[in-house]
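Chemist: Spelled out from the first residue to the last, the chains are:
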Amino acid sequence: MSSTKIFLKSSDDKTFEIDETAARASETLKNIIDGGCLDGVIPLPNVSSNILPKVIEYCKKHGGDNGSSKKIANGGVDKDKEILPDYDEEEDKREKVRVDELKKWEEEYMDFDQQVLYDLMLAANYLHIKGLLDLTVEKAASMIRGRTPDQIRENFNINSDFTPEEEEEMILIEDEWDDEWAFD
Amino acid sequence: MVEWSQLPGDVLEVIARRLTTYFDVLRFRAVCSSWRSAISQRPGHLPCRFPIVPNEGFVETTCGFYLSKRTVYRLGLPENRIQTCIGSSEASDGWLIKVEEDVPEKMHLLNPLTMTQIKPLPSMFPKVLDLSDIRISELGQEHVLQYINYRPFVNSFVDAGNLYMEKVAFSSSNSSSAIDDNDAFAILTIHVSGKLAMFKSGDEKWTIIEDLRSPYDDVICFKGKFYAVDNTGRTVIVEPSASVTLTAFPVFGGDKKYLVESEGDLLLVDLYLSMGPGDDPCFDNINIDDEFYHRIDTFIVEKTVHFKVFKLYEVRQKWVELQSLGDRLLFLGDNCSFSTSACEFPGCKGNRIYFTDAFNCSNGEDDYGFKEIGVFNLEDGCIGPLASYPGYSKLFWPPPSWVSAPSAGTNGNQLEDQPACEAS
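Sequence order for the protein chains is A and B. Reminder that position 86 of the first sequence reads as 86 in the working numbering, one-by-one numbering, no gaps. The number in the working numbering is simply the position in the second sequence, starting from 1, with 1000 added.
In case anyone wonders, no lab produced these hints; they're calculated from the structure. Every residue gets a Cβ at the ideal spot worked out from N, C-alpha and C, and that includes glycine. Please note: incorrect hints may appear among the correct ones.
[Stated by the list, open to error] Sample of chain B residues facing chain A (criterion: CB under 7 Å; computed from the structure):
id : residue
1  : Trp1004
2  : Ser1005
3  : Val1014
4  : Arg1018
5  : Asp1024
6  : Ala1030
7  : Ser1033
8  : Ser1137
Let the sequences and hints guide you as you build the complete structure.
Modeler: Shown next, in the form of structure tokens:
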């Protein structure tokens, strides 16, 4: 596939190359390209050279498909054995292989520490890459679901900064620290 | 070191929007002040906020209904507590429970698959359950239409408080738990005639949908859309305009169809009834627990003997049969169906369906309807009451020791780690 090359400059002044089709996975970059104000290199003052290659890797994989990773994630859970009618078995197999392959890629791609998760989430938000934002935000949400506030703070290394008044309010009025069920 | 408390408000908001359960939202707000400000409103408690549902155009025997919500939770000890609870083999057990919140903030405990309230609570059970150190995940929700003037009926009919005990699918314009009085909502249920009945916020009366071919069996809100399945397996999407669109052709076969969501897929579970073991050649190869029938041999009752599971292929308008559910457990309740992974409940294997049946009509004391629950193994076709499968019954009742007797099974010096339960 031949495509125009775009150059992106990270916050620490390093330049990276990306195909235009891939760059279009980012709403922000797409607007710059379509706006015609493309002047050689696009500066990205909010994205460092540590994280930009990771962003570009995602765009390369998803450029052109509007970044609907949700669809892939939903179709991907397919470990069931199924009885399929003969006539569209082949088509289904191809689809299954494609979905499994993407799923595997996503799994490997998302295998990183919290620092990267944090930076990647902010980059996806800044560059408006919906699929990448969905993936990273979901990973963060999965570290929150079902956990107690203490466990969440421990997971994300957060110190509680509530004022005594706020704590008082939560305990007395909202009962949020001490959530409990009273049975009748 | 990254500062997660310094995440920009808009990103925090996107994360918070992924938390759909009441407890997750509550706990998110209790982490730190910046996280707290990302969700400005404390999540609402649904049951006391629902408007009265008028009955005009629906049935004429009552002055209206109200909608109550119940939530099915899986409770468990957090990993760090499991490690400190050495000596308690039950420490890692997950517990499945359904909870209904009443005004003002009183909780009713219910059998997760039926409408039986666990009342009176057994003496070993804490009156107050402290959740601050318990892992809690939401597995399903059910909405029930109840008569507003149901009191006079209490003595004349069993369960007259529930509208024909048909399932209610509920959809709200606001998918997060921070629901508001002004949020638009819609309810889909099955009318006594077998037709679909819909009510939307702002409506003055119910809309009965006249597309009947075969009576409807089940309704569900799946990915924000209403789906309904009839007795033949024919499945439709019900639009907010009350028009229906075919989404899957019939599968026929069994006697009652259930819709269940599992890992983002819509499944159809087809339940087969029989008058007794061996009277149908189709089921000759099925291993049926004798005791299972022995219990009810004095009654002429149809019994659940088999299940088939299908997955929806919407593009092809087809239900495709699944040979295996992998590690999934399906739960077919009277008012809601839900699914979970077997690894949430140590000791359970996947590929099982939990259902309710008239195993025990005597309804003895203290069983809270748990004897009505049965287990079906999709792998070998075995079926039987919960009581025959101790490993599988323990996720229902009695509650694990860390709930009912939190100090038991642990070393005395770790008492401080235990939930504060006030026995009274």
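Chemist: Take the hints in turn and mark each one as holding or not.
Modeler: We went through each hint and held it up to the structure:
{"no.": "1", "hint": "Trp1004", "result": "holds, 4 Å"}
{"no.": "2", "hint": "Ser1005", "result": "holds, 5 Å"}
{"no.": "3", "hint": "Val1014", "result": "holds, 5 Å"}
{"no.": "4", "hint": "Arg1018", "result": "holds, 4 Å"}
{"no.": "5", "hint": "Asp1024", "result": "holds, 5 Å"}
{"no.": "6", "hint": "Ala1030", "result": "holds, 4 Å"}
{"no.": "7", "hint": "Ser1033", "result": "holds, 5 Å"}
{"no.": "8", "hint": "Ser1137", "result": "holds, 4 Å"}
Violated hints are absent here; each numbered hint is respected by the structure.
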